[in-house]
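Peer 1: Chains A and B, in that order, give the protein sequences.
For the first sequence, the working numbering assigns the number 1 to the initial residue and increments by one for each residue that follows.
For the second sequence, the working numbering assigns the number 1 to the initial residue and increments by one for each residue that follows.
The set of hints was computed from the structure by calculation and includes no laboratory data.
What you are looking at is a predicted structure, and each value in this text was computed from that prediction instead of being measured.
Careful, some of the hints might be misleading.
Said to hold, decoys possible - The calculated lysine-lysine pairs, modelled on DSSO-like cross-linking and capped at a C-alpha distance of 30 Å, are:
hint, chain 1, residue 1, chain 2, residue 2
1, B, 70, A, 407
2, B, 111, A, 407
3, A, 500, A, 528
4, B, 109, A, 463
5, A, 407, B, 110
6, B, 70, B, 113
7, B, 70, A, 500
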Amino acid sequence: MNSVTTMPATTHETSVPVDLEYLSEGLDQLGIGLLAFDQDERLTYSNQSAIDMVALDNADSDERPHLVQMAGVFGSSLSSAVEEVRQGSSRSVRHGLHCSNQHGRHMLIDLSCLPFCSMNNDSCVIALLHDVRQRHQFSDDTKFLRQELQILTDVAAALSSSSELVQILKVILTGATAAQGLGFNRAFLFLYQQGTNELIGHMALGPVSAEEAGNIWKDLDAMRLSLEELLDSNQSDTGERLDAITDLITDFRVRLDDESAIGRACHDSSWLNLAISDDTDNLTSAFAQQLNTDKLALVPMVSKGNLMGLLAADNQITGRPISDEAVQLLQVLANQAAVAMERARLYDNQLERSRELERTNQLLAESQDQIIKFEKMSVIGELTSAIAHELRNPLTVIGGFANLMLKSTLPDENREYLNIISSEIRRAETVLDQVLDFSRASKGENHPIDFSGLVRRSLDLLKSRLARRELPMFLSQASEPLTVFGNSDQLSHAVYQFLKLVAEELTPPGEAEVRTELRDGQALMLIKIRRPDHEREQVRRTLERIITQNRSSQRLTILVAGETIRYHGGNFGIACGDDNLPSLYIELPLIKEQPSEPTHTGG
Amino acid sequence: MSPHILVVDDDDGIRVLYQTELAGEGYQVTVVDSGRTALAAVSERQFAVIILDIDMPDMSGIEALTHLRKASPETPVILNTAYSIYKQDFQSWLADAYVMKSSDLEPLKKKIKELIDSVEHKCQP
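Extracted from the complex, chain A is given alone in its bound form (with noise of 0.2 Å):
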């Protein structure tokens, strides 16, 4: 409603000269209009913003305007104020007039009319116009501005404190999606895959369905979170609901061409504030049709020239008309989100360099210690090697003779100590074979081993040389491949070792299972005793002095067995499983990195 104010004159306020030219330069820059008019109420000057206000088209002309002319802007407002400061009114204000100029130009005006003296001297009236809306536009603009700055401040923030792809696509969604950032009610992120040139849909976020949406934004609302704290939370319920929606595009797959206009805002890196109509395009018609929409902003994510994926997002629950401004700043967050991206990509790809080299060192390292450990089995392979030749002669020699001694006539004690030589020299001359056997496993190379063929090969071997009278076995082998790297041969030589003793020292009734597994990044070969339960214990017991070593016909064949183990970063022992069955396992590493095929050793 327009307000008037009437001021009563006062003596001599007009008298002062005023520089016309001064004062409406100064107006102007403050879009203040001043219009003078003289005793016959004609307009004697006039500033520019004044001008833009009336939209004098004549003011220039040599006919100077009559106050009348104006009524078709001020109604008879303009009029009546000059009147009453020509009465003797000091000053003459009207609020709030709802103006119109000739342009369309619509103003809310404050008028203040004076009374004023030329510097000629000629009394006269000045009118002064203030177009109070472009004050209130200009605060509206403002804090616009201020509440989009904000917006990509926060989420600058959280993009800057995350190097994680998917934490970086959630931040860009509920930037897009809040209240408090840009509103949209759903958003959809694909991204690109350059091979295929193909977007694939990645994630959404935003309300299924117009009663979720009330329930959630009611949720919402009522934790009055920031942008900020809510860029921050982590997930919640809300938040879980909310990402239900990305159902709607898991595995959409759109192939991008230059015809679709979905394909030229992807390759030409501009922004589409898009409504479906007949002309629109198949190809993005079918993208809107499955978004569930016929309004959407599309917002391509280009970083260094590189297409990284697409944001859509809509106001499908509430209806709500998309802006150009809004897919604008929608378009700055993309950008944002596009290097953030890139930054994430580049930050794995030295995650996985580190650690790539990380993993070459540990492996380096193990190489050098297995080295280390094979060229002393080596050395120790030679050594005994020359040391069994020397002996095997003189042994040969010991027990031929006593052999020979044996065929003639002695008295008993004779032939006693005869048979004590003889026996022993064959113990001698068998853990001479042991050595040998050993000697002969050191000399290969190292290889990656099929550890579960070569634990079949060890235990098809022992069968064929098995008594009817020992315990049998049978083998149960792992499913999957269990590749550890060593010398086979010496390898196949201790598995064959802990197979035959464990065959020999325990006689049915029962039997022996052997087993393969993988087991914590480990090949495992388990031989588990089926004994009837109260033989448990002497199981246990009888497997417990085959590993310590407590007989000593068995004392080298178990120490070089276990040393050949442990050299190949191994280890064994007694287990007793969940089904309570005793077992002598034996462990290796499984290779970490294949260098070539698995070595397939003969039986």
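Based on these hints, arrange chain B on the given structure of chain A.
Peer 2: Same frame as chain A, but now just chain B:
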């Protein structure tokens, strides 16, 4: 006439043992201590079987085997050694048999008999 066996081994004890044992079995036995003397012996007479050690100084049994095969292609040779590893040396495949040294001489005596029987069987009209 009993078959004549040549024993080639650089170890004195082995030579005495084999000579005693094989003579006891009814064979004629000649013992020499190196590959060179073995080649000389073969050039002088025909043997039914040669028992040849491998690890010897001067000339190894494997090398001697090659020469013996040329000098007397019909004579069976038994490689007799402390090392099983020589079984994998393809040159050792030239031998008719490979017997590991042991105080139990039965496997060796069995192999000698087999080879002599086999040669005699071939020579029968």
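Peer 1: Compare the structure with each hint and give your call.
Peer 2: Hint by hint, here is what the structure shows:
no.	hint	verdict
1	B:70 <-> A:407	violated, 39 Å
2	B:111 <-> A:407	holds, 21 Å
3	A:500 <-> A:528	holds, 14 Å
4	B:109 <-> A:463	holds, 29 Å
5	A:407 <-> B:110	holds, 17 Å
6	B:70 <-> B:113	holds, 23 Å
7	B:70 <-> A:500	violated, 44 Å
Of the numbered hints stated above, those contradicted by the structure are hints 1 and 7, listed in ascending order.
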